[in-house]
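Chain by chain, the residues:
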Amino acid sequence: MTAHTAAPHMAARDMEAPGVRIRDLTVVYKTPSGELPAVRGVDIALAPGTITGVVGESGSGKSTLALSLLNAVQPPGRIAAGSVEIDGLGDVLTLRGEDLRRARGRQVGYVFQAAQNSLNPLKTIGKQLLDLGRSHDVEDLRALVRDAKDLLARMGMDGARVLDSYQHELSGGMRQRVGIMLALVLNAKVVVLDEPTTALDMITQATILRIIREVHEERALTTLVITHDVGAVAEVADSLAVMYGGRVVEHGPVTEVLGDARHPYTQGLIRAIPRLTGDLSLARALPGRPPTLGTLPKQGCVFRERCERRMDVCETDEPMSVNRDGRTVACHATDRHLTLVKRKEFV
Amino acid sequence: MITGTGITKIFKQRGGVLGAREVPALRGVDFAIAKGGAASFIGESGSGKTTLGRIIAGLETHDAGEIVIDGVPMSPLSHRARQPYFRRVQLIHQDPYSALNPTRTIHQTLEAPLRLRAKQTGRPRSWVDGRAEELLAMVGIDPGYVLPRYPHQLSGGMRQRVVIARALTMDPEVLVADEAVSMIDVSLRLGILALLKDLRERLGVGVLFITHDIATARYVGDDGELYVLYRGQVVERGATEKIIADPVHPYTQSLLSAIPVLHGLERPGAERVVPREMQREGLPDGGCLFARRCPFSTERCESEMPVLGRDGGPGTETEQEHACFHPERRGVIPVGVGE
Chain H
1 MTAHTAAPHM
11 AARDMEAPGV
21 RIRDLTVVYK
31 TPSGELPAVR
41 GVDIALAPGT
51 ITGVVGESGS
61 GKSTLALSLL
71 NAVQPPGRIA
81 AGSVEIDGLG
91 DVLTLRGEDL
101 RRARGRQVGY
111 VFQAAQNSLN
121 PLKTIGKQLL
131 DLGRSHDVED
141 LRALVRDAKD
151 LLARMGMDGA
161 RVLDSYQHEL
171 SGGMRQRVGI
181 MLALVLNAKV
191 VVLDEPTTAL
201 DMITQATILR
211 IIREVHEERA
221 LTTLVITHDV
231 GAVAEVADSL
241 AVMYGGRVVE
251 HGPVTEVLGD
261 ARHPYTQGLI
271 RAIPRLTGDL
281 SLARALPGRP
291 PTLGTLPKQG
301 CVFRERCERR
311 MDVCETDEPM
321 SVNRDGRTVA
331 CHATDRHLTL
341 VKRKEFV
Chain F
1 MITGTGITKI
11 FKQRGGVLGA
21 REVPALRGVD
31 FAIAKGGAAS
41 FIGESGSGKT
51 TLGRIIAGLE
61 THDAGEIVID
71 GVPMSPLSHR
81 ARQPYFRRVQ
91 LIHQDPYSAL
101 NPTRTIHQTL
111 EAPLRLRAKQ
121 TGRPRSWVDG
131 RAEELLAMVG
141 IDPGYVLPRY
151 PHQLSGGMRQ
161 RVVIARALTM
171 DPEVLVADEA
181 VSMIDVSLRL
191 GILALLKDLR
201 ERLGVGVLFI
211 THDIATARYV
221 GDDGELYVLY
231 RGQVVERGAT
241 EKIIADPVHP
251 YTQSLLSAIP
261 VLHGLERPGA
271 ERVVPREMQR
281 EGLPDGGCLF
291 ARRCPFSTER
301 CESEMPVLGR
311 DGGPGTETEQ
321 EHACFHPERR
331 GVIPVGVGE
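Order-wise, the sequence lines are chains H and F.
First residue of the first sequence? That's 1 in the working numbering, and the numbers climb one at a time after it.
First residue of the second sequence? That's 1 in the working numbering, and the numbers climb one at a time after it.
One or more of the hints may lead you astray.
[As the list claims (entries may be wrong)] Over the 12 Å line for every Cβ pair with chain H, so calculated as not near, a few chain F residues: (1) Asp30; (2) Ala99; (3) Ala118; (4) Arg125; (5) Arg131; (6) Glu271.
[What the hints assert, rightly or not] Heads up, simulated SDA-like pairs for lysine to any residue below, C-alpha to C-alpha not over 20 Å straight-line: (7) F:Lys242 <-> H:Ser281; (8) F:Lys242 <-> H:Gly278; (9) H:Lys123 <-> H:Phe112; (10) F:Lys242 <-> H:Thr277; (11) F:Lys242 <-> H:Lys123.
[To be verified] Which chain H residues face chain F? A few, computed with CB under 10 Å, are given here: (12) Ala45; (13) Ser58; (14) Gly231; (15) Gly268; (16) Glu308; (17) Met311.
No lab work stands behind these hints, which were simulated from the structure alone.
Just so it is clear, CB atoms sit at the ideal spot from N, CA and C, and this is done for glycine as well.
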């Protein structure tokens, strides 16, 4: 398994994984009631060579955040403020036209949500690979095909057969791997995976998560995984960012965030995950429902309506992100109880 | 009480140069759902779990076997005579977004079946509105808010509750919930699962719970039975908590091993069963259906098909039933930190 990766990716491995810094990112969508923020003031750094997981429910802004990394937010959406700095590339949000097109695929690989359905049904995988190569002016297309075969073999597939196949001849898990291959074959060092395991069977999901982890390490990537599934992130990520209502409400090392969540939303979310072990009576759904663009409160904390630790200040002031010992939390209540008592009121 | 014995379904694929091909979707499945009980069917896509749900709901025919509802075997009855029986089984779909008519308010959605029900049971028309409110309250939503609204004005969780309320209009004996929470936001899933469990206790309605996510089965029927389906065959069956805690079939163990570990809250189990991956899955002739993928298969598994039972050879009798020649306990599920 490990043998075929050695030669072609030596060069890739020598290169340092790039860091990514998203600063004060705000993305708005035009609606009948004015421009509303789907992502608001998000600050998040992806440390070089790590996998960051972004977890959020519908309407949390996680997919919009991911698209911003490609500067690919489509109208009626618009990136209103902020920057996305990628080492060796600069601020992606200032790139335009050809420069932007080249960066996509070359520097930033993207595995789309439902990658299973993002392939062209009329062309073989190999043809689509060659199209990709030509559109990026790859001179040695033979080498590209060789790299693609190596990558597919690395993911446990028969490369030659897959390249000769149409998408309908491949299973969901195989298509997902083809999506990952296409995102990596131009040697992108930053990879974004949007819901990589949705709609896959359990065993296939475990295989894909293992592959993401292994390929990430072997190719020295900086990876962002966007998902609604806390379990998938727990399995694969180094750090975990939790999004709610367009904000990152908590961010930190994955074991710490799961083992000792500080934001009431994270705590509630973890308590709401159906698990194989543990007391059934302690598990509870969060009250209320996730906000949509239209129901987001104009001021104050976006989570307060569902929060059991709501205070007066939450109605009026939006909590700032506070960074303490490598963890970021945006919550008035957490802020206070951290300085006063350590985890007393929360049983 | 609904029981099924030897339920078999074969899909015939037409066309192709070699003519028709037969694809077995269910291979002699036995099951029973008691009043207020829970039976959870676990399996991956292609395991036959959805087909089974549709057969039990009367939406699909089967090729062999017998379904008995309230002591009445269905096969001798005409299609028409079966209808009142199958009306007692209501299906809850996976997708609450497409299960409701977008041009009807929730009031209209509930009114139509309730009128029918009023007619069947000789109740006055005035009963309908009160019953609609009662049912919505029962599924945990505010009737005043929901009744005048259209489906698009409701969240996924609310829509799924409306779908459940609509199923309850027929006073069903059994609810068939097919992946009923897979499209619901994570923070709300537990609410729907708890509702199904609550309905079992309050109304005595049985739940046939179909899912690929084993953990969710605990929240609907930890006291019920779990059936693990692989390619149309039940490969392990027993008390839900027992099988989750102590599975013996390598396929069940593979499924449980595949569930992500919540690092920080859990530690991975001591062992992990990873099935072999097939480029093209061929089935052995007459052998165990899982043999080609099973990391523990032997020659016997390739040539002989194991049947569901308790015996795994001398000294290895298990509490649950399994279809494996080499059942063995393996610690595959994660352990809670601090447990």
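Regarding the pair Lys242 (chain F) and Lys123 (chain H), is the alpha-carbon distance no greater than 20 Å?
-> The given pair, whose Cα atoms are some 49 Å apart, is violated under the 20 Å limit.
Is the straight-line distance between the alpha-carbon of Lys123 (chain H) and that of Phe112 (chain H) 20 Å or less?
-> holds, 18 Å
Was the hint right that Glu308 (chain H) lines chain F, CB cutoff 10 Å?
-> violated, 13 Å
With a cut-off of 20 Å on the C-alpha distance, tell me whether Lys242 (chain F) and Gly278 (chain H) pass.
-> holds, 14 Å
Ala118 (chain F): least C-beta distance to chain H exceeds 12 Å?
-> holds, 32 Å
No chain H beta carbon within 12 Å of Ala99 (chain F)'s | holds, 17 Å
Hinted pair Lys242 (chain F) and Ser281 (chain H), Cα distance within 20 Å = Given that 20 Å is the threshold and the Cα spacing comes to 18 Å, the pair holds.
Can Met311 (chain H) be said to touch chain F, with a Cβ gap under 10 Å?
-> violated, 21 Å
Nearest-CB test (12 Å) between chain H and Asp30 (chain F) | Asp30 (chain F) clear of chain H: closest Cβ-Cβ about 24 Å, beyond 12 Å.
Against chain F, run the beta carbon of Gly231 (chain H) and see if the smallest gap drops under 10 Å.
-> holds, 3 Å
Pair hint outcome, Lys242 (chain F) versus Thr277 (chain H) [Cα-Cα no greater than 20 Å] = holds, 12 Å
Proposed interface contact between Ser58 (chain H) and chain F, which counts if any beta carbon pair is under 10 Å = Hint holds; Ser58 (chain H) Cβ to chain F Cβ min 6 Å, cut 10 Å.
Figure legend: structure checked against the earlier numbered hints; hints not met, in rising order: 11, 12, 16 and 17.
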